[in-house]
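Guided by the hints, dock chain Y onto chain U, whose structure is given.
Number of protein chains: 2
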Amino acid sequence: MSAFTVDGLHETAPGAEAGGEADVGLLAGGGGGPAALRPLLGTVLAALERGAVERGGPLPAGGPREVSWRVRAAAGAVLPEVGAGAGAALDALVGAVAAGAADPAEPLCAAHLHCPPLAVAAAADVAASALNPSMDSWDQAPAASTLEAMVCRELARLVFPDVEGADGAAGTDGAAGAIDAEADAGARSGPGTDALADTYTDTKTGAGAGPDALVTSGGTEANQLGLLLARQAARAVGGQVRVVCGANAHHSVHRSAWLLGLAPPLVVPTPRGVLEPEALGVALDGLEGAPALVVATAGTTDTGDVDPLAELVGVARGHGARVHVDAAYGGPLLFSERLRGRLAGLRWADSVSFDLHKLGWQPVAAGFFAVPDGAALRPLEHCADYLNADDDTEAGLPDLLGRSLRTTRRPDVLKVAVTLRALGRAGMAGLVERTCAAAVQLAELVAGTEGFELYARPALSTVVFRPVGGDDALVAGVRRRLLERGQAVLGRASLGGGLWWKVTLLNPLVAPSDLAALVKLVEEAVEEAVVKEAVAEEAVVEGADA
Amino acid sequence: MSAFTVDGLHETAPGAEAGGEADVGLLAGGGGGPAALRPLLGTVLAALERGAVERGGPLPAGGPREVSWRVRAAAGAVLPEVGAGAGAALDALVGAVAAGAADPAEPLCAAHLHCPPLAVAAAADVAASALNPSMDSWDQAPAASTLEAMVCRELARLVFPDVEGADGAAGTDGAAGAIDAEADAGARSGPGTDALADTYTDTKTGAGAGPDALVTSGGTEANQLGLLLARQAARAVGGQVRVVCGANAHHSVHRSAWLLGLAPPLVVPTPRGVLEPEALGVALDGLEGAPALVVATAGTTDTGDVDPLAELVGVARGHGARVHVDAAYGGPLLFSERLRGRLAGLRWADSVSFDLHKLGWQPVAAGFFAVPDGAALRPLEHCADYLNADDDTEAGLPDLLGRSLRTTRRPDVLKVAVTLRALGRAGMAGLVERTCAAAVQLAELVAGTEGFELYARPALSTVVFRPVGGDDALVAGVRRRLLERGQAVLGRASLGGGLWWKVTLLNPLVAPSDLAALVKLVEEAVEEAVVKEAVAEEAVVEGADA
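Those sequence lines, one after another, are chains U and Y. For the first sequence, position 142 (counting from the first letter as 1) is numbered 142 according to the UniProt record's numbering, and the numbering increases by one without interruption. For the second sequence, position 241 (counting from the first letter as 1) is numbered 241 according to the UniProt record's numbering, and the numbering increases by one without interruption.
So here's chain U without its partners, still in its complex pose:
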């Protein structure tokens, strides 16, 4: 082989043959990967530490223009002719991104459904990067595909506990159930079927029915899958599906309909924040029996409200409509015995989106799309001879291509599997409960603060409030001011024609003192803005006088 030196990766590039000195430390995988990663990870951790100190708060001060300048200055040329070397590049760029992060692990970074990841999940994710399994064929991910099948089945059973799968396993102790089921399947099965077929739903044969889930990039992709399956079901009977959702539904419902070539969703007003059964009934009556998909929400983005799922399913069924529930936010309440009642009726949906990168504390992405019966996933069946040729599938190689609309796909399931195993159901429940309790505490604090108006008692972990009487410009201005100064990341919500601040609590470690500090900060910013405006008005008056 000709000798190409890999400039920039090593202090000395001795122009060695492949396998020579210059190649040591190049790759993350193989036997030498961990040794190559060790010093580089040290550099990353040091840069993260330095960046957090440099930032000194929930986000960098200065606003977009200044942050942009600082990143450019630190980063240098994006694609220099000669590389800077691994250590220097990691130090500069990880440091810049850390110093310029809106870090959700900081208690005052609480605007969005943007969670602080668990250390255990972030650590597990390194193995996904290093081994790089790709989830589109078994021979790129032999073990990871088994793990994905196990986790997907288990999480689907959490959503649909009543539905008995072909393997008869239900409840939370699914792995044991799955192993029993496999022994079972071994007894039942002739040659040509295999252990995995009983775990993964085979989209070609529908084998392995019972609750199942697909891994998605988030609620947006999961909602898209919900609409897509409804589109295909309607097409199968020669119809066009109409999506019906509340005004409180996530924007991705609209975007998915557009992407899939469907008519824009029929939007039902939600004056009380949730989709109401009566209003839904009226909307469905108007469709006169045309195929419809009702999209309900368990945890709206603006307020965390949960639609009355059981009643909505009843109304939809009465009209022959399908139901997809976007539980991207609220879904993980299922881990908690105390809180799961808030999702009553979820189990009767035709499909459910839920994310573990919101409540669930995973690094992005960790989305899921669950169905009560894996056979429902058959419309996603897809063949590409190099990945799932019929003779390979018949010979026992699992067919994975129907498990996603993506082809190459990262094993996001690994970090999820490690987290669930590390914390257990009780540990996950504890974090969910703690986070929701913090929201109640913040709501009480806001309600007790003169000059602030609380929107409602929090349904999940979102607290919405504003200056008494409302003042849209003030709300928007205070939010931007806190961002510019690097003091806090607050969200915003337009509700009932007015603008509100939104605090989405997703940090299970938030302390009472953090919540008090947040309220005080907003109070001070309001006061300052009001004073500033008064001064400006006075100046105008004086100017007029002069």
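It cannot be assumed that every hint is accurate.
The list cannot tell twin chains apart, which means a pair is met if one copy fits it or any two copies do.
[As the list claims (entries may be wrong)] Below 25 Å or equal to it, Euclidean Cα-Cα: the simulated SDA-like pairs (lysine to any residue) are: (1) Lys532 <-> Thr393; (2) Lys532 <-> Ala395; (3) Lys520 <-> Asp472; (4) Lys532 <-> Gly281; (5) Lys520 <-> Gly345.
Think of the hints as simulated: they come from the structure by calculation, not from any bench. Note that the structure is a prediction, hence the values are computed from the model and not measured.
Same frame as chain U, now just chain Y:
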């Protein structure tokens, strides 16, 4: 705050208040994140090392059933009631996934466009997991969004070097160009525009034209975007776009058309492996001027062949058709001065897919979708008041929602930025050249081996061959036998009505001895299969005799 203990994360769960002893080490971010990650990363690296030793080859032996059993045994219950703790969970599950991986860092794992990631990229990716920026709004990713804009512009300029952007920067030293441009923009701009607007294309205003790119989950999503923009362009003039592609095109072209509600692509036969200009002309003639999108391929999945892009663009333009080039595989040849000529004509496309998780050595995902003018991305414009309200955008907060069809989105760009900076253009070029040279070497070895037939001289890094004269069952059987035994991961390709072995070389460290070992392994497996068949036939004859 009520005290919820986080069972399973710690040996002792003292039921502390938030912020107490039980919480130390919980989160990956914040000031304490790096200290929490350090020991857990040590556990991960040890488990990766152990798993590689246990596997002892490119993939685990035993085939799907046995691998599945081993993973289940190691994993235990997916969701136990009480957690096993972070260390135990990482050790068990990372170990199982490593032991059961098809590791592309092993030279005999060479079936798919499935690359061994660089250690520097995998290390950088940890920062993405720990800080968890989400790329759907500035206030979730202040620095990461700037970095993404910089990298996207730079890579787009690599694809479209002729096109002068509004900032006048072209060529490879883009960061310097961008900074100049910004100084420029500062001089030109009034209040309300900002530094970032000159880097990110603003989909609302079209500001910041010139080549631009979006980050995607891979070639599949990028191809989908190419079709989507063509669909919208046709709709804008009241038409329906027809996709026209070669029989050699990636399956995602067909799947995207289905997803988007378009007619199935018109498929042009490619008897010589590439889409031929004459045949394309005939196909376009048949459409009689209806809006068309031609999808060409720069690096087919089966053989790595590159369509004659310049000629195809000429034919398409002559028919008023748009051109999308799927350069998911071949795109990174642009880094190499010696090899980029193979992509002549790419720069005249309307849009281009290219991945850095193939040639580019990134952990999945690292896809890009490039356009010669960022204004072309406007149809992706999308508004969600909580993420990009007009008054926020007017006040200078960058609008990121039009940068993807996803909402929550991991900063995959960080690892890419670190890699480009670490290796430089020359370093990337060296790896690409080295990998392509290895393919030529393997092809020569195969051509010189009695009993093997080489399909063609490799166009990129894919080598296709079969037993002389062809024997589909033998090809499929040998491939599966090598998989079952954990000896090698070979791919397969159906070409000209016959089945071939496919070796996709993506490991820049593959040595001549590895290539020789691979050829020998296939030879032996063939011999064994032929002997086995002969024995079986003899047995049948004997049985008939008995």
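**Prompt:** Okay, which hints does this one fail, numbers in order?
**Reply:** 4, 5
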